[in-house]
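A.B. asks: In our numbering, the protein residues as written are 460 to 693.
One or more hints might be untrue.
[Said to hold, decoys possible] Pair by pair, the computed Cβ-Cβ distance ranges are: (1) Arg667 - His492: 17 to 27 angstroms; (2) Asp691 - Asp465: 17 to 27 angstroms; (3) Trp560 - Val504: 16 to 26 angstroms; (4) Ile568 - Cys490: 40 to 50 angstroms; (5) Lys478 - Gln572: 15 to 25 angstroms; (6) Phe462 - Val504: 27 to 37 angstroms; (7) Val474 - Arg670: 28 to 38 angstroms.
[What the hints assert, rightly or not] Result set (DSSO-like, lysine-lysine): computed pairs, CA atoms no more than 30 angstroms apart in a straight line: (8) Lys558 - Lys625; (9) Lys632 - Lys683; (10) Lys537 - Lys577; (11) Lys521 - Lys683; (12) Lys576 - Lys565; (13) Lys575 - Lys632; (14) Lys482 - Lys629; (15) Lys669 - Lys516; (16) Lys632 - Lys671; (17) Lys576 - Lys651; (18) Lys575 - Lys516; (19) Lys521 - Lys669; (20) Lys669 - Lys683; (21) Lys629 - Lys558; (22) Lys521 - Lys558; (23) Lys558 - Lys488.
Everything labelled a hint here was simulated from the structure, so no lab data went into it.
These numbers were taken from a predicted model, which means no experiment stands behind them.
Even glycine gets a Cβ: it sits at the ideal position worked out from N, Cα and C.
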Amino acid sequence: MPFESDRISTFLKSVRKMKIAGKTACRGKLCGHDVLLMNTGIGKVNAAHSAACVIEKVPVKKIINIGVGGAYPGAGLKIGDIAVALKEIYGDEGVMGPKGWGSYEKTGIPLVQSGKKKYFNEFPVSIPRQFSVGARHALPLQGGFKIKTGNFVTVSAATGTQKRAKELEKRFKAVCENMEGAALAHVCTIYKIPMLEIRGISNIAGVRDKRKWNLELASENCQKVLLEGIDDVL
């Protein structure tokens, strides 16, 4: 959404606006790097559609997905902290049977196949050197907030109960949930384009009391991390 990229947009130079997938994209220079900035809109379909249209229209070398997300209760993250994805996982797509949920592997049909490699619910992401410290490892505090790597889960329905949050966290050994990342990683896997995902923690998954959320702080810190590390991630 626009508030998730407003700080970055102020640093763009030599901006040229263009229409892609019915949305306004801004192409320009960010700290000396050629970039294209687009707000995809919420949800998997909007994200995947936007990414595919950008890739087909512009010679893209890497996609960086930023925004806000919800930390799982046991992740050790507080509101305003940063999570960096080690992998992206579709958390609620697959098969629902008598024993509960199962991934696409239950069908035997991969979402993507590249050579002998089959991708079902999990997709790889790119990890810059400064974040390559192992799953769930917390980096030192920077600017008053923590940066932590871990698995991300993408859901169609945001988690609204503690029980569900703990279930997803345990099943996928995850630190953070969102509503777009796996779809973007899915598209990037098809096109063989690396993707990096950084999320600012706006809330704790399972707590649907928006008075306890802080979208502005989460977005501000997320954009700050990207801007300060832009030379290392591009």
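A.B. asks: None of the hints should be skipped; say for each whether it holds.
C.D. replies: These are the hints, each one checked on the structure:
1. The hinted range of 17 to 27 angstroms is not satisfied by Arg667 and His492, whose Cβ atoms lie roughly 38 angstroms apart.
2. Checking the proposed 17 to 27 angstroms range against Asp691 and Asp465 shows it holds: the Cβ atoms sit about 23 angstroms from each other.
3. Distance hint check for Trp560 and Val504: the Cβ-Cβ separation is about 21 angstroms, which falls inside the suggested range of 16 to 26 angstroms.
4. Separation of Ile568 from Cys490 is about 43 angstroms and conforms to the stated range, judged on CB atoms against 40 to 50 angstroms.
5. Between Lys478 and Gln572 the Cβ separation comes to about 33 angstroms, which falls outside the hinted range of 15 to 25 angstroms.
6. Checked against the hint of 27 to 37 angstroms, the C-beta distance between Phe462 and Val504 comes to roughly 21 angstroms, which is inconsistent with it.
7. The hinted range of 28 to 38 angstroms is satisfied by Val474 and Arg670, whose Cβ atoms lie roughly 36 angstroms apart.
8. For the hint linking Lys558 to Lys625, the alpha-carbon distance of about 18 angstroms falls within 30 angstroms, and the restraint holds.
9. Taking the CA atoms of Lys632 and Lys683, the gap is near 27 angstroms; set against the 30 angstroms cutoff, the hint holds.
10. As the CA atoms of Lys537 and Lys577 are separated by approximately 35 angstroms, the hinted pair breaks the 30 angstroms bound.
11. Straight-line distance between C-alpha atoms of Lys521 and Lys683 comes to about 19 angstroms, which keeps the hinted pair within the 30 angstroms bound.
12. Among the hinted pairs, Lys576 with Lys565 is consistent with the structure: their alpha-carbon atoms are about 17 angstroms apart, no more than 30 angstroms.
13. The hinted pair formed by Lys575 and Lys632 meets the criterion: a straight-line CA distance of about 26 angstroms does not exceed 30 angstroms.
14. This hinted pair does not check out: Lys482 and Lys629 have alpha carbons roughly 37 angstroms apart, beyond 30 angstroms.
15. In summary, the hint linking Lys669 to Lys516 is not supported, as the alpha carbons are separated by about 38 angstroms, beyond the 30 angstroms threshold.
16. Distance check on the hinted pair: Lys632 and Lys671 sit about 25 angstroms apart at the alpha-carbon level, within 30 angstroms; holds.
17. At most 30 angstroms may separate the alpha-carbon atoms for a hinted pair to count; Lys576 and Lys651 meet this at roughly 13 angstroms.
18. Note on Lys575 and Lys516: the hinted pairing holds, with a Cα-Cα distance of about 29 angstroms set against a maximum of 30 angstroms.
19. About 33 angstroms separates the Cα atoms of Lys521 and Lys669, which puts this hinted pair outside 30 angstroms; it is violated.
20. Proximity of Lys669 to Lys683 is assessed by CA-CA distance (about 23 angstroms); at most 30 angstroms being required, the pair is judged to hold.
21. For the hint linking Lys629 to Lys558, the alpha-carbon distance of about 17 angstroms falls within 30 angstroms, and the restraint holds.
22. For a cut-off of 30 angstroms, the pair hint linking Lys521 to Lys558 is broken: about 39 angstroms separates their Cα positions.
23. With a C-alpha separation of about 52 angstroms, the suggested pair Lys558 and Lys488 falls outside the 30 angstroms cut-off, and the hint is violated.
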